Structure formats: structure tokens, C-alpha cells
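> Please dock the two separately framed chains into a single complex, following the hints provided.
What follows is the residue order along each chain.
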Amino acid sequence: MDRDRQSLLALVQNALEKSGPDALPDFDGLARSLELPPSEVYGLATFYAFLGEKSRGRHTIRVCSGLPCHMEEARSVLTRLEKVLGIEAGQTTPDGRFTLEVVSCIGACDQAPAMLVNDELHGRLTTRKIARVLKSYT
Amino acid sequence: MPQQRVILRHCGIIDPADIDTFLTRGGFQALEKARRMTPDEVVAAIKASGLRGRGGAGFSCGLKWELAKAAPGDEKFVIVNADEGEMGAFKDRLLLEQDPFSLIEGLAIAALAIGAGQAYIYLRAEYRRLRPGIERALDQARQRGFLDHVAVTVFEGAGAYICGEESALMDSIEGRRGEPRLKPPFPVENGLWGRPTIINNVETLMNAPVIIDRGPDRFRNLGTATSAGTKVFSVSGDVARPGVYELVLGSPLGELVELAGAERVRAVLVGGAGGRLLPASRMNTPLAFDTALGSGSVIVFDETRDMVDMVYRSAAFLAEESCGKCTPCREGTEVLMEILGRLTRGDGAAGDLEALQALAGVLAEASLCGLGQSAAVVLKDALAYFREDFEGRIAQSGMLRGLSVLRPGNLV
Numbered sequence: 001m002d003r004d005r006q007s008l009l010a011l012v013q014n015a016l017e018k019s020g021p022d023a024l025p026d027f028d029g030l031a032r033s034l035e036l037p038p039s040e041v042y043g044l045a046t047f048y049a050f051l052g053e054k055s056r057g058r059h060t061i062r063v064c065s066g067l068p069c070h071m072e073e074a075r076s077v078l079t080r081l082e083k084v085l086g087i088e089a090g091q092t093t094p095d096g097r098f099t100l101e102v103v104s105c106i107g108a109c110d111q112a113p114a115m116l117v118n119d120e121l122h123g124r125l126t127t128r129k130i131a132r133v134l135k136s137y138t
Numbered sequence: 139m140p141q142q143r144v145i146l147r148h149c150g151i152i153d154p155a156d157i158d159t160f161l162t163r164g165g166f167q168a169l170e171k172a173r174r175m176t177p178d179e180v181v182a183a184i185k186a187s188g189l190r191g192r193g194g195a196g197f198s199c200g201l202k203w204e205l206a207k208a209a210p211g212d213e214k215f216v217i218v219n220a221d222e223g224e225m226g227a228f229k230d231r232l233l234l235e236q237d238p239f240s241l242i243e244g245l246a247i248a249a250l251a252i253g254a255g256q257a258y259i260y261l262r263a264e265y266r267r268l269r270p271g272i273e274r275a276l277d278q279a280r281q282r283g284f285l286d287h288v289a290v291t292v293f294e295g296a297g298a299y300i301c302g303e304e305s306a307l308m309d310s311i312e313g314r315r316g317e318p319r320l321k322p323p324f325p326v327e328n329g330l331w332g333r334p335t336i337i338n339n340v341e342t343l344m345n346a347p348v349i350i351d352r353g354p355d356r357f358r359n360l361g362t363a364t365s366a367g368t369k370v371f372s373v374s375g376d377v378a379r380p381g382v383y384e385l386v387l388g389s390p391l392g393e394l395v396e397l398a399g400a401e402r403v404r405a406v407l408v409g410g411a412g413g414r415l416l417p418a419s420r421m422n423t424p425l426a427f428d429t430a431l432g433s434g435s436v437i438v439f440d441e442t443r444d445m446v447d448m449v450y451r452s453a454a455f456l457a458e459e460s461c462g463k464c465t466p467c468r469e470g471t472e473v474l475m476e477i478l479g480r481l482t483r484g485d486g487a488a489g490d491l492e493a494l495q496a497l498a499g500v501l502a503e504a505s506l507c508g509l510g511q512s513a514a515v516v517l518k519d520a521l522a523y524f525r526e527d528f529e530g531r532i533a534q535s536g537m538l539r540g541l542s543v544l545r546p547g548n549l550v
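As they're listed, the protein sequences go chains A and B. Following the working numbering, the numbering of the first sequence begins with 1 at its first residue and continues without gaps. Following the working numbering, the numbering of the second sequence begins with 139 at its first residue and continues without gaps.
FYI, nobody ran anything at the bench for these hints, they're computed from the structure. The model shown is predicted, which means the values in this text are computed figures rather than measured ones. The C-beta atom is built at its ideal place from N, Cα and C for all residues, glycine as well. Some hints here could point you the wrong way.
What the hints assert, rightly or not - Pair by pair, the computed Cβ-Cβ distance ranges are:
(1) B:E235 - A:R132: 19 to 25 Å
(2) A:N118 - B:T291: 19 to 25 Å
(3) A:P94 - B:R267: 44 to 50 Å
(4) A:K54 - B:A195: 22 to 28 Å
(5) B:T465 - A:G90: 40 to 46 Å
(6) A:E17 - B:E458: 21 to 27 Å
(7) A:K54 - B:M175: 52 to 58 Å
(8) B:L538 - A:K83: 49 to 55 Å
(9) B:E235 - A:G43: 29 to 35 Å
(10) B:G484 - A:P94: 34 to 40 Å
(11) B:W331 - A:G29: 38 to 44 Å
(12) A:L24 - B:R267: 24 to 30 Å
(13) A:G29 - B:T465: 31 to 37 Å
(14) B:A289 - A:K54: 32 to 38 Å
With the rest of the complex left out, here is chain B (with noise of 0.2 Å):
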């Protein structure tokens, strides 16, 4: 199946200046339309249409409303999570560039559904070039009537991957340190500043009004029976197109990589540093949330490249993003780093895939948060596709260090 423009329908189409280019597009006729509806109704249509989270944890989006709205309480919030962190991910850049309003829109029913009066848009600080955008276009919503029911802030994150993770988010709203928190108490009963919260990301948001518009069973007909609706990827990587694509969900995997055309693939990782890493004969592999999807980062490696160098670098990045908060994470990413350091540097040792293996495991089942728990992921998929790599780093060590004996100042 070709692309499928939903949530991109309006990218380079409008003028994200200009608020009457999405309205005569359409624009705000869900919130209307949700406007006439009980909010009952708005949290029941999103359930029924099965959008579940596109930030990569995949929580049904329309239970999370749900319990939202049941919580107790006068007081609730929305939060849009526009910490786009991901390796390899810049789809909500694109999406907060070039289609602001379909996000405020997103964000209205969201706070008209659960009866919040107040909404952060957490922008990561890496993007804070676009705020002047967000903020503009928030007013011209606001001058228009829309936002009436709803105070919405931007607050600009300060660098930190983890303040992706939700309870992370809300402790750097209140002024902290972004650490996960223990659930539950689930956002949902007990979120920002104890209140009851949902957090939800640019891109799930935005499937919002088109659920709203179109109805649930004609979102719930694309896709698969756990995965409904299109998603939108970011291709970066050995590709000739590298950008931004929308497919519908369960689209082979070769699809998308063909789309942004690549060649003599060896390797694809889905879903950034905690995600799957498939080779070359998986391509069939559907795009959905049981199989590898994450917040839709892709980057593909082609037959030059080197994997222990790939997931080194991954093993890098979290590394270096993990709070530090839980012990298994903050010293298991640090010692994962530091043995596939050893390996790219021709350095590495018997027994060093054991201690991989075994520390992968250490991680997934005792790490606090999704960070660690998917730190070893990648690492676990390289060593089952691409084991030959790193053995012939051990190989190659070993012929190293015999070689390191020759050497003229060795020999005095």
C-alpha cells in the first residue's frame, strides 16, 4: 500500500502562519463537532476507534481518557509531550512546523473529554526554535474562539531524554530533576502536581479530530486489529530519501525502507535506542505495535556498516541519558557502553558476550523505567542476527594483542 496522508494531510499544504488555510481545510470542525457531544461520548469514540499511543509505549489512548475523566478531582491537566527524543526520531518536529493547528485541536478535545482547564505543551529544548510557531498559532486558536475552555502553556525542556518518559515530564514541569516515579498511582489519578493528568504525544493527539471527524470505525478499519489507524515515520540512515513517511499500520517494513529508498540493506532499528533491530531477510515484518514500531524511528544500515559499531552507539546514547535514578540502568547502560567500547576498539575478550548477555538480562527484568528495561534490546537482536560481528571482534582482538607482543618496544 502506498503512503496514506492522514495526519500529514495538511503538512505543506498549509501555511502554519495562517490559521484560515486550516480552517477552510476543515480545520477545527472535530472540536465543533465534539462540542455538541457529551464528553461521555468523545472518550468513548476515541476508545472504540483503538488509537493507542504513537510516542512508543502504545497505551490505549481512549482507556487513558477514560480514567482521566472518572478521577476524582476540579482540578486536571493535559500534557502534550513534545520531547521528541528518540534516536533517529523527528516526525513531531515536522508535525509542530508544519501543522500546529491540528495538535491544538487535538489538544482541545483532549481537555474538553477529560474536563481539564489547563495544558502544557512540553516542548524538548532541542526544538526551542519552534515555539515562536506554537505560540503564534496558539493565539490565532485563541483569537478564534477555540481554546475558551482551556489555559495552554508552553514549557521548554532543558536537554534530557528522559523527561520523554511521562512521570520524568511532570517532575520537570514542578522544577525537578527528571526521574521517573514509581507506579502506580498512574498519571491518570495522580499526575502533575497530584492531579489527575494525561500525557500524551504530538502525534497521538493529532489523531484525535480525525477519529472525531471520520468516526471510530472508519480509523479502526485501516490497520490491524491491535494496531488501528496510519502512524508516521521517521527514515533516516543509508537511505536516499531520508524525511518523513505515513503509512498505515502493519505495513511491511520493506515498504517503508524501499519508500525512502534504500539499498543493499543489511539492517533496520525500529523504534531508536530501546528498539528492534531487524535484518535484512525481515523485511516482511509488519509495523505494528506488537511487532516493532516504537515512537517510529528508523534508521537503516546498509552492507557496509558494522554492527557492534551500531549498537555501541546506542548502548552510547542511553549511557549517557540514563537519569541515573536506578541502580541496574545507570551502572548496566554505563558498563554495556563500556564493553562494546572495547570491542570497536579491537580491545575486546573472552567471555565478553556472556557478560553481555547476562547484564541484558539484569537490565530488562530490574531497571525502574522503559529506558533500561529496553537498554539490552538491541544488543539481544545483534547477537542473534549479526553474532559473526562480534566474534570476529574477539577474533581480531586476540590476533591484536599477540601482534602487540611484536612490537619493537615490547621486545626490549
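Extracted from the complex, chain A is given alone in its bound form (with noise of 0.2 Å):
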């Protein structure tokens, strides 16, 4: 079997990292640089949580919504963050500062309700602890 593909997810990541946020991630380009069917790499990037077909903000907040985060108050958090964000989850504020989502169970369960930021973690969530959050990511 060929290895050629091996670092499509990274290629992806990146064509999404690339692109503006007004601007679509150039998968065509990288179908045919790889010559793969464009099928392939919209397959591939609408499958996974962390990729997808759209450019997002400089900054990503995914709020976990795993049941133990369900159990101690996750849907005020997203709602929270709704809120003083003025997005829905899915979205991007206006200034392309943040994208907002939910996921599946972040494996932060003993800290919930958490949610990441970009990479890092941040876990049982106030009102006051999500405004001092928000605040670091410029």
C-alpha cells in the first residue's frame, strides 16, 4: 500500500492553518499535489472534530460536552460563552479573535466542566474564571 498519504491529516491542519479566515483552505490544490480525488481530502477533513472544511479564528474554544461535564453545569458555560462572545457555537466573532465549538468528551473529566483553548486546558469553569481566560488570548 502506498505511504504517500500518511501526512494528510498534518496537510489538512495546515491548508487550514493557511488560509485567511475570510478564505477557503485550499484543498483542491492539495488533491492535486497529492493526486488524490478532491473527494479524498473533503472526506478526510470533514470527518475530523479538529479539521473541517472552514478556517477558524486565531483562537479555538472547544467546550467539552461529555457527561461529566454535561453533569456539572457544561450547557451554562456554553451558553456563557455565547453570551459574551456574541456567536453560537460553530461561529467566529467578527474580528476572527475566536471560534467557538463543542465536542465530545475532552478527557478532563476530574476538572469539569472544562474546555481547551487552542491546545491548553481550562477546567472547572465560573462566570469569573471564563472572562480571566478570555482575556489571555489576544
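Written out as C-alpha cells, the structure is:
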């Protein structure tokens, strides 16, 4: 079996990061360069929660919706973020600063309710802590 | 029996950034010992220990290694499954954070045993922040010559629960959607790029140095006849002290829940969304492969919790994470979530419970992989132990519909 496409996850990730907030990532170009049908690249990108076919803002907030977080009012964390940022889950703020997403268990159940901002974990969230965390990402 | 820290013995004690703190506690001595043994002897020791996979499936680790070793081929792979995605599971996160060296030692032993020259650590995207620590530990192990026989690469996932399933995980490394393959052939013969491959959970591999170092008999003497050794548990939910605990396999569930400081327990979910839901009356259930275990995720619900809501969240997780390859799981988890969602919103109907029960049968019988096959187990347990919650929701729904007729808008 050929190993040419081994790095496809990373290449898609790269294409997403390179494209500006209003532009679409160049998946067609990526498909051509790997001699793959575009459907293979789109199919992969839309399969993984951390990829997708739209570029994201500078910072991605991923609110955990796993059961332990749900039990600690993850819903109100999301509501709070939606209110403060003025967007709904799945959207990016107009200034391109934050993208808000809801994800499955992030493995921080001992610190519920929790969220990831980019790669960093923030747990035991309260209204005050959410405000403090948001301020630290410019 | 109190906590028994075997796998956790270095956690919180060594400095994960300094291999010397690991070496002074006997680190990598098991690898040195394994190097003096033949690969067959290493495999035989793991097999004799009775070690079973800690990721949830519970397959014999020694048999897996034996088959991969025996499989023809010059190129073989070891893959560490660090795609911990089970709802309520976080023990591998702690192990990777606090003791990456034991994992590296286990991986090195596995590669030696089956004759693999290459290894991957498949790290879930949600744990990307742990990568620098793992890379640093790998570098230090390389510098000391512990990885001369195997090239190790960290591969980052991209957010897909299903990639914890071994064949989906391999697809992901190959640059594809992570969709479980039809088995056989099994990865031990036909794995990554068609080569013989073993895929072991983080915790499973961390058991290998313990077995080589102390001998299989001492390992086997811990636990039960079919569940040897200790198990690391992730405990969360309605407990005073959520966290990671290690107990000898076969310990009663109640003991673990008590350690974590649970009070007024109504039920415990063992093994995440595809696990077992046990009522307070079953706290004497042994935590073992043939009873309730999974990957060791334990979520505690107190008396204030509504089981319909809990089961709904669990079903929503699976509906989101179903890969979509096979129809029973793709559609079944969706319908499961829909019906349970209606029940939680007070919009249930007569016949819902019968429909759920029928669906549970289809999912279990017709799904391609473990995700779909176990998707309705929690529901079946909930219907067996907490049927009144579901019936109450349906009765309430009927009343709500009756009331809506009387709303002013409906009278005009």
C-alpha cells in the first residue's frame, strides 16, 4: 500500500491554518499535489472534529459536552461563552479572534466543567474564570 | 483492599522531564533484562502473566504479541493507542503527563519482543499539549540508548473517538477517515500498511516492564483468575475527590467509589458510553473484565440524577462519534438519541420504550464494531434498573400534552 498520503491529516491541518479567516482552504490544490480525488481530501477534513472545511479564528474554544462536564453545568459554560462572544457554537467572532465549538469528551472529567482554548486546558470553569481565560487570548 | 500503586508507582514522584529521576528508581531495568532474554521468552512471560488489554477490549496481550511475532514479514509495527476518548476516561492523560518513561520502556520491550523496527504513539488531538513532554522523554531515552532498536514517532489524531478502535486508528495514520475495518484479517497479520502490527493501550504497555521485572507469577497473583494485575481508574461525576485511582482487579466497585468520596450513590457508569450502568444495590460488583471494566472510566451519579438525562447524554455522544460506515450504528445511534431526547423534553409517547428495546437489539447484533455493538448497553441497564424514570417521563409527557390543549392559544 502506498504511503504517500501518510501526512494527509497534517497537510489538511496546515491548509486550514494557512487560509485566511475569509478564504477557504486550498483542498483542491492539496488533492492535485497528492494526485488524489478532491473528495478524498474533503472527506477526510470533514470527518475529524479538529479539521473541517472552514478556517477558524485565531483561537479555537472547544467546550466539552461529555457526561461528567454535562453534570457540572457545561451547558451554562456554553451559554456564557455564546453571550460574551456574541456568537453561537460553530461560529467565529467577526474580528476573527475566537471560534467557538462544542466537542465530545476532552478527558478532563476530573476538572469539569472544562474547555480547551487552542491546545491549553481550562477546567473548573466559573463565570469569573471564563472572563479571565478569554482575556488572556488576544 | 486499599489502593495498590503498581502502574502509578512513579507518578508524582519522578520528574517527567528528567530521565535520571526515573533511572534511580529502577527505570529501564526491565528493558535491560528483556535484552538478555530471547524474544520468545519475553512473549512467553507476557502471555504467562495473563495481562489483558487495558483499553477496554481485554484481549490477551501475550497472545497478540505472539501472533505478531509469528506473522511473516520483515517490517512490523508497534502502535501505542493514546487516543483515550471514552467518556469519563482521563487516566492515560495522567500517565502520559507524569510517567512517560514507563510507557517508553513498555514500548521498547514490545518492539524487541515482536521484532518491530518502527513504532507510533497515536496521541489524541485533545492531548496535543502533552506532546512536548512525550517528545522530551523520547529524546532522553534515545540519548541513553534505550531506543536503539526502534524508531518512535508521535502521531497526532484530529478529534475522532472512533480512532481509539484499532483498525480506525491505523486508517488515520495512513491518512484516511478513521473507519473500522472488517476483521479478519487482524492487525497482528495485516495491520498498518498491511504489515504485522500490535496496537496496545498506554496502560497495557506500562504493565510490560512490571511483568518482566517482577516475573509473570507475581503479576498473576494479583487480581482474579481471568483478570490479572491492577487497573487504573478514572473517577468523576458526583464524588468529592475525582481523580485517578489504582486497584487490584476484582476489587468491588463500592470500594473505588468510596475512595473517591461518593455519597448517596444512585448509580455508577463503568466503562463510559458503551459501558455498564450499575445501581447502588450492585456496589459489590467486582471490577473485572467479565463483569464491568471497559477502559476504567467510572462516572458516579447521586440520588439527584435523572437516568433518562444521563442515558440521553451518553447516546448523544455516540451519535456524534459514530463514524457512519455501517448503517445500523450510523442510523441507530441517531434514532436512539432522538427518542431519548424527546423523553428528556417531556415529549415521549407510548411505545417509545418498546422501540428503544428493539433498537438496542439491532445495534448489538448488526453493528460493525464495538461502538455500535455496545451503544445500547447503558440503555438496557437503565431500563432494567431504572425503568420508573423512563415510565415517569412518558406519563409526564401525556400530561403535558393534555395541558397544552388548555393553553389560551389552543382555545381560539
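> Which numbered conditions among the earlier hints are violated in the structure presented, ordered from lowest to highest?
As far as the earlier hints go, 3, 4, 5, 8 and 11 are violated by this structure, in ascending order.
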